[in-house]
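Novice: As a plain string of letters, each chain reads:
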Amino acid sequence: MNPIFENKLSLTRRQFFGRSAMGIGTAALASLLNRDLVAAEAAKRFGGLPGVPHFAPKAKRAIYLFMNGGPTHVDMFDWKPKLQEMHGKPVPEEYLGGKRFSTMTGDPSGKLLLAPLEKFKQYGSSGAWVSDLMPHTAKIVDDLCFIKSMHTTSINHAPGISFCLSGAEIPGRPSLGAWLNYGLGCETENLPAFVVMTSVSKGTTCGQIFYDFYWGSGFLPSEYQGVTFRGSGEPVLYLSNPAGMSAKVKRGVLDTIAKINEQKLRDFGDPEIAARISQYEMAFRMQTSVPELADFSKEPKEVLESYGPYVNEPGSFARNCLMARRLIERGSRFVQLMHAGWDQHKSLTTELYKQCEDTDQPSAALVKDLKRLGLLDETLVIWGGEFGRTPFIQGNFNDRPVWGRDHHPYGFTTWLAGGGTKPGVTYGETDELGFNAVKDPVHIHDFQATILHLLGIDHKRLTYKFQGRDFRLTDVEGNVVKGVLA
Amino acid sequence: MTKILKSLGRLPSFVLGLGLLVSLVGPRVGFGAEKVDFSRQILPILSENCFNCHGPDADHRKAKLRLDDESDAKKDRDGDAVIVPGNSVKSLFVSRIETTDADDLMPPPDSRKKLSPQQIALLKRWIDEGATWGEHWSFTPLKRPPVPAMKPGSNPIDAFVAHKLAVEKLKPSPPADPTTLIRRVTLDLTGLPPKPSEVSAFLSDRSTQAYEKVVDRLLASPAYGERMAWDWMEAARYADSNGYQGDGDRTMWPWRDWVVKAFNENMSYDKFTVAQLAGDLLPSATQEEKLATGFLRNHPINGEGGRIADENRVDYVMDMTETTATVWLGLTVGCARCHDHKFDPISQRDYYSLFSFFNQTPVDGGGGNPQSPPALAVESQADQRRLAELDTATKNATDEIDRQKQVFLSSGESGSSTNAGASLSSATHDLLKKPAAGLVETNLALLAKEFETTAPDFTKALREAERALKARADYAKSIPKVMVMEDLDSAKTRKTFLLQRGLYNKPGEEVSAATPAKLPPMNPSAPRNRLGLARWIVSNENPLPARVTVNRAWQMFFGAGLVKTSEDFGTKGEFPVHPELLDWLACEFRDSGWNTKRMIRLIVTSKTYQQSSKVTKDQRERDPENRLLARGARFRMPSWMLRDQALAACGLLVNELGGPPVKSYQPPGVWEETTFGNKRYEQDHGDSLYRRSLYIFWRRIIGPTEFFDTPSRMTCSVKPTRNNTPLHALITLNDTTYVEAARHLAERAMLESSQPEKRAESAFQWVTGRKPNRSETKALLAQTDLAKAQFSSTVEDAKALLAVGESKRNESLDAVEHAAWTATCLAILNLDETLTKE
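Which chain is which? The protein sequence lines are V and W, in order. Per numbering that gives the first Met the number 0, the first sequence runs over residues 0 to 485. Per numbering that gives the first Met the number 0, the second sequence runs over residues 0 to 837.
Worth double-checking, as some hints may not be accurate.
Stated by the list, open to error - Computed cross-link-like contacts, DMTMM-like style, restricted to lysine to aspartate or glutamate with a CA-CA straight-line distance of at most 25 Å:
#, chain 1, residue 1, chain 2, residue 2
1, V, Lys258, W, Glu816
2, V, Lys249, W, Asp456
3, W, Lys678, V, Glu301
4, W, Lys613, V, Glu261
5, V, Lys464, W, Glu197
6, V, Lys353, V, Glu291
7, V, Lys481, W, Asp109
8, V, Lys249, W, Asp784
9, V, Lys459, W, Asp100
10, W, Lys606, W, Glu197
11, W, Lys89, W, Asp58
12, W, Lys777, W, Glu756
Said to hold, decoys possible - With the Cβ distance kept under 8 Å, some of the chain V side facing chain W (calculated, not the full set):
#, residue
13, His53
14, Ala55
15, Gly97
16, Lys263
17, Asn397
Hints are computed from structural coordinates only; laboratory data are not their basis. Bear in mind the structure is a predicted one, so any value in this text is a computation, not a measurement. For each residue, glycine too, the CB sits at the ideal point set by N, CA and C.
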């Protein structure tokens, strides 16, 4: 049975067979339109599938801080004294065996190893190692669960990001957020369940374009795709009324549409008409709820400051982090922030610093802010990119200003916070050079299965039939990583 | 009710279609006096529940048992057999599906698959009846089914539908109101609303052929080709840029225009097919035939730094293979990239054998060049004329140089002291000795400089030639280059290997070009190249293309195909609700010489198509999705059609065929934000803003923002999606196109009459085709009065609203009144009836 259709049908049944044979009368319609009230009594959830979540979730919602471009794990979190020691020495052959790299590296034999750019220190009672590049993240390590044994299959950005977010390298599968939207629905009717915001470091030379299939619904109906909130201009395209049309005039227009549509519904009996009436009302509500969301004037000063100097700058990662918290507070299910500029092929010694400055403080502030509001327990925060970067150099060893590292899928780091994850732990390891995931390796599909698990979903059971096959986020793989669960 | 279920037969499809009823029906679902039909009733159950481990995929097969293969399922296994024909009790198959022992139960509980008691009963009955095997329905030869008895002169489509409705004891709906009907058919065949004059001409035409005349007029209009082309663009993943990083602009639009022209000229579908798959390989292929192969090159190109060229190349060839299989065969062969297909008899070997046909292009996969060779410069007749003019101008200019230069040459050679010739360098001298027609721009510039002070007339001639050459070169550069297909020389033929797990760098055994083994073979004398493949696809023996194509046409007009899974005719696809109708239509199409217009005419002139789309309570309960066709189709139009409708109704539409894509209104900064400022959106002005949606520039990484529910154009898409979300409402309420259309609609209505009732009536009628009823008129007038009151206290607002959109407004109209009517017309453009094809 197609669950979407089942849902629609039951809605239809409620509307038509539960109320009156001739379609819904004005009173019923009014209550349909005022679904906030009705629904608040029933259950505070809109959409979603019956029977999902499959079990009591630890996390009710999630925020993915997606670091687009491949953050350099060996410079930020994965401390390897041996890499420091072997600085400038060729990478030992035994690490390379048959591995492929991007055409920018080609044959990796003889490439020189490059030590981490900055010093590492241990922090917190958990004693996690963090580079001096990330001073704010260093202060919250006891709330974080690091996974240092991530590995993936792709060596290029678009396929790698698509793999991370949709479980397949080729575009066309539903993204994580679309699956959550489909399965879990939303806790508000005034804002979208799945929101995406993008940002990029100013003046970066190594930003990767964001493709809409990173938040696409694939073969799920397009209503499940992420709604992009823009950094500049209107947060949602076409949100504002046309110039010169006041909310009052607009209300009149909508009332007229509703009046005539209601008559149509009585004449034609097509349930789509009832759905259309309610969608037009929701559009009107979004015109108020979205601007309110983007208005930070009531945030306490110290909260604004905690996100750093760029929090009021349109399109900044800091602003997006605070927006994410506000969305989560108001009932959105999944917020995907994507920040580009991590692809330092020849600008490690310059642009990596800027990149860390842009993301370190806001990411840490978001975790602290959620904790302050008591939301962290039910909110999963995910930080990470599509792959890491090579422990060896890309570029000329004697020309420090253009040092770089190439794409590296064989071992990299992500962190999780809140939402039922174990705080203050490090899971998995790479080898002595940060090259290959050797202890408790976590494949992307395992990672995805774990995220779904935290949200109360059995990754093998959230499926959708397309072209005759039951598809799921984790394809035919994926094991929940028990070691990160609280 | 049981009868509906019985006739629909295949369990999964009716569960999908009539889910509401399932809980109400008893265990006798699917039973009846007729013998169980393998293809329709048994194969889907086996495919869904068993083939994962006992199907075509050799690598994942368990217990060496195939349930997709008759002889294997029935063969002797140490005195037992899995299926014993005529004896369900002795069949191991039955004991394993009925056992209560969880270790033995099939399907195994951990597969999360479970047979219902009805399915088990059906399987047993099938075995007891002899376990007659069969072929999956869509793979069986296409044979013309007899048409059920009907009145002479009736449309056979109606006979098939009526026959089924009689079995179900459902009555067809009355014909749609004529106004609704002409709007429906005009939108369906042209994507535009009927003009009021066309509506009134139809209403007053008393002849019995009034409707057929309308249909013929529409099929003959150029807008028909534009309408048909939209769906083809989605199938062909057409875009005006590459996609991915860089996202360079490409010029594939001459191919798009070829498609429009082919539909308008009613090119037979077999010819249309061969041209697009292999036009370049036809004997003495014309420019048009080569151009047609742009179909295969419409795939995205990944120019991301660090991409391995061969990985890209293999991706592109896979895309060509899978697009072709979906569009013509309705098969989802993509699954067989990595392993044998789990459900359909497409092996991994079949996949790479098909892949091999497309694997011979010289495309190397490197870089992000949006005109990567082979590319064809597509010269229009005007281009050819202009180039000839420019050639003449160049020739005149160089002749003049040759005429004048004699004096310098002779003087230089004789060593005399003629002013100009005296100081010539040897380089200059050498250039002068050549015929001027052989000089390039830089040569001419050099000479001009040399003679600048000494020989002004000669310099003038040189400069003239330089200008003419440059003009020619510039013009040649502006001629669009379309990526097309070619095959490598036979000496360079590329070997094709089965790729393990679909990885470009993991070749397995070598394969040669061949069509899927389960389908009728290629003619042995046919060439084993794309031309052979294309001809095989449209050969009379191939059962799939005709079925798949008529099904998509049906989908276009009814919202869903006779097979709802229009992208999948495999064993997991839907079994058609009207299998005989589908086959009959497919035969008509094929046997008419693949005549597309004829097939479409047949569909839209049926009574089935012309029914009213009002839903009765009985119909809603018994057949909510209208699979039995007891009523007309009613569904929201695609967003591109909504835009065209708004432009046409208000009179702004600029109806001009073809040409380079245009950039219409778009909120500021969308491209810039997506591409970090690399792509700037430069909106067009004037007529370009009002061209049909088909011509709007499609940037692949960020498609036009005013459309919704459109596929991403990354891969082939043949099935439309229709959602109903608030974001859609925001577009049709707030986008400049719709607000400007509302303003024009208001202006037209105001100029037509000073009577408010008449104005409301006209505006409503231009959009919906019909006059509003009394309560609708009342609502529109009340709306206008209210808005007028609001705007009269905020005249600035009224002026601001009227300034939306670049077209001029008639300044003689009172601003407050015009703004109020604009608001009312915006409401009309957003009515459910306006958004819906009824």
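Novice: Looking at the structure, which of the earlier hints fail to hold?
Specialist: Hints 2, 3, 5, 6, 11, 13, 14, 15, 17 are the ones this structure does not satisfy, whereas the remaining hints hold.
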